Structure formats: structure tokens, C-alpha cells
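Engineer: We have chain A; now place chain B onto it with these hints.
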Amino acid sequence: RKEVEQDPGPFNVPEGATVAFNCTYSNSASQSFFWYRQDCRKEPKLLMSVYSSGNEDGRFTAQLNRASQYISLLIRDSKLSDSATYLCAVNLNTGGFKTIFGAGTRLFVKA
Amino acid sequence: GAVVSQHPSRVICKSGTSVKIECRSLDFQATTMFWYRQFPKKSLMLMATSNEGSKATYEQGVEKDKFLINHASLTLSTLTVTSAHPEDSSFYICSASTGVETQYFGPGTRLLVL
Numbered sequence: 001r002k003e004v005e006q007d008p009g010p011f012n013v014p015e016g017a018t019v020a021f022n023c024t025y026s027n028s029a030s031q032s033f034f035w036y037r038q039d040c041r042k043e044p045k046l047l048m049s050v051y052s053s054g055n056e057d058g059r060f061t062a063q064l065n066r067a068s069q070y071i072s073l074l075i076r077d078s079k080l081s082d083s084a085t086y087l088c089a090v091n092l093n094t095g096g097f098k099t100i101f102g103a104g105t106r107l108f109v110k111a
Numbered sequence: 001g002a003v004v005s006q007h008p009s010r011v012i013c014k015s016g017t018s019v020k021i022e023c024r025s026l027d028f029q030a031t032t033m034f035w036y037r038q039f040p041k042k043s044l045m046l047m048a049t050s051n052e053g054s055k056a057t058y059e060q061g062v063e064k065d066k067f068l069i070n071h072a073s074l075t076l077s078t079l080t081v082t083s084a085h086p087e088d089s090s091f092y093i094c095s096a097s098t099g100v101e102t103q104y105f106g107p108g109t110r111l112l113v114l
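In order, the protein sequences belong to chains A and B. Going by our numbering, the residue at position 99 of the first sequence is 99; the numbering climbs one at a time, nothing skipped. Going by our numbering, the residue at position 92 of the second sequence is 92; the numbering climbs one at a time, nothing skipped.
Only chain A is shown next, with the shape it has when bound in the complex:
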């Protein structure tokens, strides 16, 4: 079983749609959680950290369920510019830390 699993997609949605990404992780000792956005042939960019209380940044909402070891990202009113790959990431405590990434979910937003 992969340490961090995501639906590979792709998701094809029209502009204005709401799209949900899901992610599960296997290591119960995981300590922090993130969503990254990666554009084609570029490095990943941090989209948001994910907290149990849920957090929102404009059209983006992230949620963590530690009991189910599940992380979600919701994008409302999707824009063409949201087209990218969305990566779920989990930090493990190693004394320092190390990050395990999911394989990513590709999103295409179409006019």
C-alpha cells in the first residue's frame, strides 16, 4: 500500500464547477499535512497547509480527518487557471522531518 494515495484523475470540469480532491495516508504518526499545486514541468508550489479544524483560503478549503487518515481539498468556482496537478503531502517526524507526496490528481478546467 502506498503511503499517500490519491485518485490519479484526470478530472475534467467546466469553469465555475466545484471540484473535490481526496487523499488518504497510511502512517498514523504523520504530523502535518499539505496540498501543493504543480504546473507542467515546474516545481510544486504550496497551496495550503491542512488542519483538523479545517481551513479556507478564498475558493480553496482543506480538511483533515485524523481518525480516518483522510485529507481533502475543495475548489469552488473553478477557473481555467486552476488547471494543474494537485499533490497531497504528509510530513513524518524523523527527528527533523521528511515529506511523502501522493502521485497527484490532474485537473483540467475547461471554458
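Everything labelled a hint here was simulated from the structure, so no lab data went into it. All figures in this text were calculated on a predicted structure; none of them were measured in a lab. A hint or two may mislead.
Derived Cβ-Cβ restraints for the label pairs, each shown as a range [to be verified]:
| id | chain 1 | residue 1 | chain 2 | residue 2 | range |
| --- | --- | --- | --- | --- | --- |
| 1 | A | Asn22 | B | Gly61 | 24 to 32 Å |
| 2 | A | Tyr51 | B | Gly61 | 29 to 37 Å |
| 3 | B | Val3 | A | Ser26 | 32 to 40 Å |
The beta-carbon is built from N, C-alpha and C at its ideal position, and this holds for glycine as well.
Structural biologist: Frame of chain A, contents of chain B only:
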């Protein structure tokens, strides 16, 4: 702030040669740097973690003698792919951290081994 650079951005080399990739934190001191590899349509795979002045910690399955990592200063880490082969062709990305859980990614280096 928190800018990380990588050099070169892309490199093409012949099989059997060695390639060095530099990762620099430009405006902060990075106690820890990470090296990742990403194959097309695949996720970033952590290769190794390096701390300034100490030996890198390699992930399982990553050959330390093939992927030499040096973290000589708080702003520079290098990854050398020794005796590169076509299967080493990939996108190599570094990130730098001050030790708190945030990491800043470099723009990546695209390696093609012919």
C-alpha cells in the same frame, strides 16, 4: 523571500558521464535540504535528506554511491549523478528548510541521459 535556485535547469549528457546539480538557498540559511526525483506523470520521490556538515540520509532503494550529495554550507547542496545512464533521466528537484516544517522548492533540473 525564501528563494531557492537550482543549476543547471536542464542538462543533456552522454551515458557514463557524471552530472552535478547545485541547489542554493539565496536569502536564508538552510539547515536541511532535500533531493527529490520525479518521473513523468509520477509523484515526487524523496531521494535523500542532507543536513549541513553531515552525511546525507538516503531513502531505501537510493544508491548513495550513485547519487552523491554534499551539503557543504548552509546555502549550498549538490547532487552528483555518477556514471549516468538513460534510466537516470528524470526531473530532479531540491528543497530547502530552516528546520521548521516548511520547505521551499527549487525550480528543478531536467536531466536527459543519452
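Engineer: Each hint should be assessed against the structure and marked as holding or not.
Structural biologist: These are the hints, each one checked on the structure:
1. A:Asn22 with B:Gly61: 24 to 32 Å: 27 Å, holds
2. A:Tyr51 with B:Gly61: 29 to 37 Å: 32 Å, holds
3. B:Val3 with A:Ser26: 32 to 40 Å: 34 Å, holds
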